[in-house]
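Next come the chains, spelled out residue by residue.
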Amino acid sequence: MHILIVEDDQVARDYLAKALREVGHTVDVAADGLEGLHLASSIALDLVIVDRMLPKLDGLALVQSLRATGRKFPVLILSALGDVDDRITGLRAGGDDYLTKPYHVSELLARIDALARRAELGSGEAATKLKLADLELDRMTRRVTRGGKKIELTAREFQLLEFLMRHSGQVVTRTMLLEGVWDYHFDPQTNVIDVHISRLRQAIDKDFDKPLLHTVRGAGYSLSEED
Amino acid sequence: MDQEQGFLGVLTSSPFRIAIVYSIAFALGTVALLSGVYFAVSRVIDGSTDNLIEAEVQGLREQYLVLSRSDFIDLVEQRSHTQDVRGAVYLMVDPRMRPVAGNLPAWPTIPPGEGKWIQFKAIVPYGDQTRVHEVRAQRFPLPGGYRMLVGHDVQERQDVKNLMMRGLVAAVVSTMLIGIGGGIWMGRRILAHAGAISAVATQIMRGDLSRRLPVRDAEDELNTLAREINGMLDKIEQLTLGMRTVLDSAAHDLRTPLNRLQSTAEAALAGLGKDSPERRVLERVTAEVDRMRSTLDALLRIALAETGTVAREAVDLSALVASIVELYAPVTEERGIELRSEVAAGVHIQGSRQLLAQALANLLDNAIKFTPAGGHVRVFLRNDATGSEITVEDDGPGIPADKRELVLGRRVRLDEARKVPGSGLGLSLVAAVTKLHGARLVLADADPGLRVSLKFAV
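Just so you know, the protein sequences line up as chains A and B, in that order. If you read the first sequence in our numbering, its first letter stands for residue 1, the second for the next number, and so on. If you read the second sequence in our numbering, its first letter stands for residue 228, the second for the next number, and so on.
It is worth saying that the hints were derived from the structure and are not from the lab. Treat the hints with care, as some may be off.
Said to hold, decoys possible - Straight-line distance between alpha carbons at most 20 Å, and here's what the computed SDA-like set of lysine to any residue pairs gives:
1. B:Lys501 / A:Ala19
2. A:Lys18 / B:Ala495
3. A:Lys72 / A:Glu35
4. B:Lys343 / B:Met324
5. A:Lys56 / B:Ser476
6. B:Lys596 / A:Asn191
7. B:Lys682 / B:Ala549
8. A:Lys18 / B:Leu496
9. B:Lys596 / A:Val195
10. A:Lys56 / B:Lys682
11. A:Lys210 / A:Glu120
12. A:Lys18 / B:Ala494
13. A:Lys56 / B:Asp480
14. A:Lys18 / B:Arg487
15. B:Lys501 / A:Thr215
16. A:Lys129 / A:Glu152
17. B:Lys662 / B:Thr429
18. B:Lys501 / A:Glu22
19. A:Lys18 / B:Leu509
20. A:Lys18 / A:Val195
21. B:Lys596 / A:Thr190
22. B:Lys596 / B:Gly614
23. A:Lys18 / B:Arg631
24. B:Lys501 / A:Ala219
25. B:Lys596 / A:Glu22
26. B:Lys662 / A:Val171
27. B:Lys682 / B:Pro624
28. B:Lys388 / B:Asp273
29. A:Lys72 / A:Asp9
30. A:Lys131 / A:Arg142
31. A:Lys72 / A:Arg92
32. A:Lys131 / A:Val171
33. B:Lys662 / B:Pro624
34. A:Lys206 / A:Glu152
35. A:Lys56 / B:Asp475
36. A:Lys18 / B:Leu485
37. B:Lys596 / A:Gln189
38. B:Lys501 / A:Ser106
Next comes chain A alone, as it looks inside the complex (with noise of 0.2 Å):
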């Protein structure tokens, strides 16, 4: 992917735009606002990442701008501000995810993953069925087999293997299931995200010799054939 890094602070920005490149992406990097919009709308992008308090130009402004002149690629929004109703107006402003400082670069990834993938599907309604391995999830019908065979999920459970499915392949952490599926933005203390999973995992990978869905140490979950 064309990723456009807009940060001020040359450490998070040079290791970000370093850890991206690692992972195989091409990076652009922009110190203010102002270049980062020229950069924004001269050169074809995959994402834009973009700190909310920028010099010349507000990230959030930038965002706006760049939403306003019909660029439609993601944005994902760092902030240092980052509560509640921050989050809300960097979504408002045209942000498509917000993450706040600091971040551990694991996540950031996921989510870039995430966007990615949202981006590519389009913004048309995901396909009825979702398949991986011999386990399909049927949206209509609420109908999950493997191997044919009929697995029993509560609402919830359905709905973190919806949300697992449809990042299949990609590493998704604890925040963005409990955001993404439950629509809740803080840490709990407990380990509730886990405990959900293990639950799941029971579920769909017991009775079956290959297990489908995995733990990336340090970062989240997985749903994926390989190991």
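For this one, chain A is given, so just place chain B on it according to the hints.
Just chain B, lined up with the frame of chain A:
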């Protein structure tokens, strides 16, 4: 506000009450004044007729002594039919009570035990006709078993009295009606203004500090008050915005170096082998960054909630409580704790869904932390006329009554709690979120264990 409530509102408004008190006072004054007049006038009229009758009785007694019976009868007849003394009533009866002279058709039925004065209804001459009128009279015996009755038509007097009585009643009723009407009018006016003020005040309390109280053209106390409150609100808005700015820059100034630290550590980690000693050090650094981050998040959220500048939305409290319970259900089961919940349906409040969710999650985190395996955690959402209430109960060690106030302060961890991990900010956040929503936080004994309630007023 619906019609009925609006009307009830008027009835309980202070101007209406004042108007009622004043109209009752005025009505009592009117009663006192008109009663005085009534009794004075009655006495004057009664006195003059009574004197007239007394004089006539005296005169006839004297005449009887000097006249023969037939002359006396003539005299009575004559007096009965002359028109100069209007309203005079005479009757003379023989021993068998048959009228022999006078202008009354029959001797009235007089109840036994009557005194000198009697009063009765009788057919009396009225110009060329007769009428049934009230008559006041004296009677006295004449020699030979004859009896004489001398009286006066007091109907007019009665009419005047009745008229005055009616006037009195009318004056009282109209005073009351004017008072009630005026009270309703004034009540409506004040209520409309006060209603507008309280509607805006509610919005302001919900966090919209840019709103101002309505000020009308009229120069009255309410307007002066509204203007002064608006001045105060300007100041509060300035202060709150100032606080918010300070918070934002504090957040920025703390998060940016933390992020740099995290980035640097992660960058350094990337080049290290799996078992190098530097790796362990750097992993501890990132773990500490995580802890600082969560403490910072909690502190900033508490401060934000305390500024009251968080945006409000309609929150389905029933759905929220149910979903948090559902979020925590597997983890409690895993730890051998029984989680039970009773959630009233359809409870909605204005507030911040995210902060409420976090507050409830903090309470559940705490309850789970302090409840041993085999214990119970109960979550209730109740709703009645007085408001709604979220309650989280556990049967862990609880908090001694004298320390309950203490734990709501920042970073207080009781000795008991030091054995379990946590920042000590959980309950502080709950307290700040509770306050933000105008609710009351109550810690009580669940006997055994702790009961925490968030009481939202209607």
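Hints, verified against the model:
1. B:Lys501 / A:Ala19: holds (19 Å)
2. A:Lys18 / B:Ala495: Given pair A:Lys18, B:Ala495 holds - Cα atoms ~12 Å apart, limit 20 Å.
3. A:Lys72 / A:Glu35: holds (19 Å)
4. B:Lys343 / B:Met324: holds (19 Å)
5. A:Lys56 / B:Ser476: holds (17 Å)
6. B:Lys596 / A:Asn191: holds (11 Å)
7. B:Lys682 / B:Ala549: The hint holds at about 17 Å.
8. A:Lys18 / B:Leu496: holds (13 Å)
9. B:Lys596 / A:Val195: holds (15 Å)
10. A:Lys56 / B:Lys682: With a Cα-Cα distance of about 47 Å, the restraint between A:Lys56 and B:Lys682 is violated, given a limit of 20 Å.
11. A:Lys210 / A:Glu120: violated (28 Å)
12. A:Lys18 / B:Ala494: holds (9 Å)
13. A:Lys56 / B:Asp480: With a Cα-Cα distance of about 19 Å, the restraint between A:Lys56 and B:Asp480 holds, given a limit of 20 Å.
14. A:Lys18 / B:Arg487: holds (14 Å)
15. B:Lys501 / A:Thr215: holds (18 Å)
16. A:Lys129 / A:Glu152: holds (17 Å)
17. B:Lys662 / B:Thr429: Measuring from Cα to Cα gives roughly 15 Å; hence the hint holds.
18. B:Lys501 / A:Glu22: Roughly 19 Å between the alpha carbons, so the hint for B:Lys501 and A:Glu22 holds.
19. A:Lys18 / B:Leu509: Holds, at about 19 Å.
20. A:Lys18 / A:Val195: Violated, because 34 Å separates the two Cα atoms, which is more than 20 Å.
21. B:Lys596 / A:Thr190: Given pair B:Lys596, A:Thr190 holds - Cα atoms ~8 Å apart, limit 20 Å.
22. B:Lys596 / B:Gly614: violated (29 Å)
23. A:Lys18 / B:Arg631: violated (51 Å)
24. B:Lys501 / A:Ala219: holds (17 Å)
25. B:Lys596 / A:Glu22: violated (41 Å)
26. B:Lys662 / A:Val171: Not OK: B:Lys662 and A:Val171 at ~39 Å, beyond 20 Å, violated.
27. B:Lys682 / B:Pro624: violated (23 Å)
28. B:Lys388 / B:Asp273: Holds, at about 11 Å.
29. A:Lys72 / A:Asp9: Judged against 20 Å, a Cα distance of about 26 Å means the pair is violated.
30. A:Lys131 / A:Arg142: Holds - the C-alpha atoms of A:Arg142 and A:Lys131 are around 13 Å apart, at most 20 Å.
31. A:Lys72 / A:Arg92: Within the cut-off at roughly 14 Å; holds.
32. A:Lys131 / A:Val171: holds (17 Å)
33. B:Lys662 / B:Pro624: violated (26 Å)
34. A:Lys206 / A:Glu152: Answer holds: A:Lys206 to A:Glu152 is near 13 Å, not above 20 Å.
35. A:Lys56 / B:Asp475: holds (19 Å)
36. A:Lys18 / B:Leu485: holds (19 Å)
37. B:Lys596 / A:Gln189: Satisfied, since the Cα-Cα distance of roughly 9 Å is no more than 20 Å.
38. B:Lys501 / A:Ser106: With Cα atoms ~17 Å apart, B:Lys501 and A:Ser106 stay inside 20 Å; holds.
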